[in-house]
Amino acid sequence: MSEETRNEEVVNQEVNEETATQDQLEQVVSVKKGDTVTGTIVKLDDDQAYVSIGYKYDGVIATRELEEGAEIGQEVVAKVVSLNDNKEQMVLSKRAIDGAKAWDQLEEKLANKEIFEVTITDVVKGGIVTDVGLRAFIPASMVERHFVEDFSDYKGRTIRVRVKELDRENNKVILSAKDVLEQEFEANKVKVMAELQEGQVIEGKVQRLTQFGAFVDVGGVDGLVHVSEMAWHHVDKPSDAVSEGDSVKVKVLKVDPEKGKISLSIKAATPGPWETASEKFNQGEIISGEVKRLVPFGAFVEIAPGVEGLVHISQISHKHIGTPQEVLQEGQTVQVKVLDVNPSEKRISLSIKETEEAPAGEARAERPERTERPERSGAGRGRDKGPRVEKIDNPNVSLSNQSMNVSLGERFDLAALKEKLGQSEE
6 MSEETRNEEV
16 VNQEVNEETA
26 TQDQLEQVVS
36 VKKGDTVTGT
46 IVKLDDDQAY
56 VSIGYKYDGV
66 IATRELEEGA
76 EIGQEVVAKV
86 VSLNDNKEQM
96 VLSKRAIDGA
106 KAWDQLEEKL
116 ANKEIFEVTI
126 TDVVKGGIVT
136 DVGLRAFIPA
146 SMVERHFVED
156 FSDYKGRTIR
166 VRVKELDREN
176 NKVILSAKDV
186 LEQEFEANKV
196 KVMAELQEGQ
206 VIEGKVQRLT
216 QFGAFVDVGG
226 VDGLVHVSEM
236 AWHHVDKPSD
246 AVSEGDSVKV
256 KVLKVDPEKG
266 KISLSIKAAT
276 PGPWETASEK
286 FNQGEIISGE
296 VKRLVPFGAF
306 VEIAPGVEGL
316 VHISQISHKH
326 IGTPQEVLQE
336 GQTVQVKVLD
346 VNPSEKRISL
356 SIKETEEAPA
366 GEARAERPER
376 TERPERSGAG
386 RGRDKGPRVE
396 KIDNPNVSLS
406 NQSMNVSLGE
416 RFDLAALKEK
426 LGQSEE
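For the sequence shown, this note's numbering assigns the number 6 to the initial residue and increments by one for each residue that follows.
Since the hints were derived computationally from the structure, they do not count as laboratory data. Hints may contain errors.
Taking lysine-lysine and the DSSO-like style, the derived pairs with C-alpha atoms no more than 30 Å apart in a straight line are [to be verified]:
| hint | residue 1 | residue 2 |
| --- | --- | --- |
| 1 | K242 | K297 |
| 2 | K256 | K285 |
| 3 | K256 | K210 |
| 4 | K183 | K259 |
| 5 | K194 | K264 |
Computed beta-carbon distance windows for the label pairs [to be verified]:
| hint | residue 1 | residue 2 | range |
| --- | --- | --- | --- |
| 6 | S157 | S87 | 35 to 41 Å |
| 7 | A101 | G224 | 46 to 52 Å |
| 8 | P310 | F190 | 34 to 40 Å |
| 9 | G224 | S319 | 51 to 57 Å |
| 10 | R150 | V332 | 52 to 58 Å |
| 11 | P301 | D241 | 25 to 31 Å |
| 12 | K61 | E122 | 39 to 45 Å |
| 13 | E203 | E249 | 24 to 30 Å |
| 14 | K242 | P301 | 28 to 34 Å |
| 15 | N193 | G289 | 55 to 61 Å |
Each residue gets a CB set at the ideal place from its N, CA and C atoms; glycine is no exception.
Work the whole structure out from these sequences, hints included.
Here's what the structure looks like:
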């Protein structure tokens with residue numbers, strides 16, 4: 006090959022290379038800071054991924070911004086955060102793009118009052134945190150309908166929420182799970198209250214206690230059992246009768262849809278104490294009871310929850326007493342004997358006296374011995390109304406029947422009496 010031909014080929018090659026480089030430069034994309042670009046992952050390190058966007062060099066993006074399981078060849082949309090051609094450095098952010106989309110989506114959800122699911126990513130002071138394309142906060146007061154003291158077991162849990170507040174300028178997103186629960190509760194409450202009937206007996210679960218009663222869940226709706234409706238006997242405070250979590254039978258007393266109130270009774274759902282009184286207590290039986298009330302005419306003694314019997318003042322003590330307070334006091338436990346049971350009238354007669362032996366000195370004195378009555382004079386006459394002659398057991402008095410007859414004869418002039426009788430017959 007001649008020298009001239011060789012020089013010509015070299016010149017042509019240089020021209021071709023220059024043309025190719027120019028073509029490549031024309032194909033290189035033009036980017037600037039803030040641009041949104043689409044690229045492909047070409048390399049993955051532990052903490053960053055290299056993304057080709059068709060620029061002179063690749064951009065890098067933090068792997069923490071990528072979905073779990075990202076791989077080479079995967080397409081990503083990112084924002085150019087910084088660009089330095091001198092050092093051939095380009096930093097991309099996928100979160101910045103996701104955040105912008107997330108704001109748009111959240112604004113739409115807020116407008117539509119949409120309910121959606123989120124997964125709790127962290128527990129912080131004052132509430133819990135989730136990721137919705139950007140950081141969102143759920144305050145402690147907006148997590149449940151009831152107070153929650155410890156949220157440590159909420160991490161990783163999926164809950165349903167609604168957008169409560171958005172502030173793009175301050176990058177603030179507030180969500181609420183409580184609003185969702187309240188909405189569902191009210192909808193269910195209307196349904197349950199429409200199905201409940203007064204007088205119906207149903208199963209319920211004690212949710213919480215207050216000073217005046219207990220709230221019982223009956224199908225997702227709370228009804229109130231007032232302290233006076235907890236038992237047939239007197240209950241000082243609700244915790245004396247039930248505990249939170251207890252399953253109880255309740256009777257529906259009243260349903261008020263307008264006020265959203267349900268009145269329940271545990272007492273009315275169980276047999277009354279007087280219904281079983283005749284089976285529990287038998288006449289002549291001796292049982293123990295507590296003195297509940299003292300009245301001028303006796304004492305009321307509780308012998309079973311809700312069942313009080315009366316011990317009349319005459320049945321309190323063998324000795325004479327003016328008032329029950331002389332020997333009894335309220336709260337005292339006593340032994341009583343059942344004298345009579347009348348469940349239909351809710352009355353039981355009791356006796357304390359008959360459970361005790363009478364003092365020896367107070368036994369009833371025997372009646373004095375009586376002498377035989379004199380024979381009646383005259384057949385068919387009425388009962389002899391003559392003086393009764395009794396044996397006198399007194400050493401200072403000595404009277405025989407004969408002396409008695411003489412004294413009577415002396416006292417009444419028998420002859421004169423006969424004469425008068427004779428005159429009257431004529």
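Of the hints stated earlier, which fail here? Of the numbered hints given earlier, the structure breaks none, since each of them holds.
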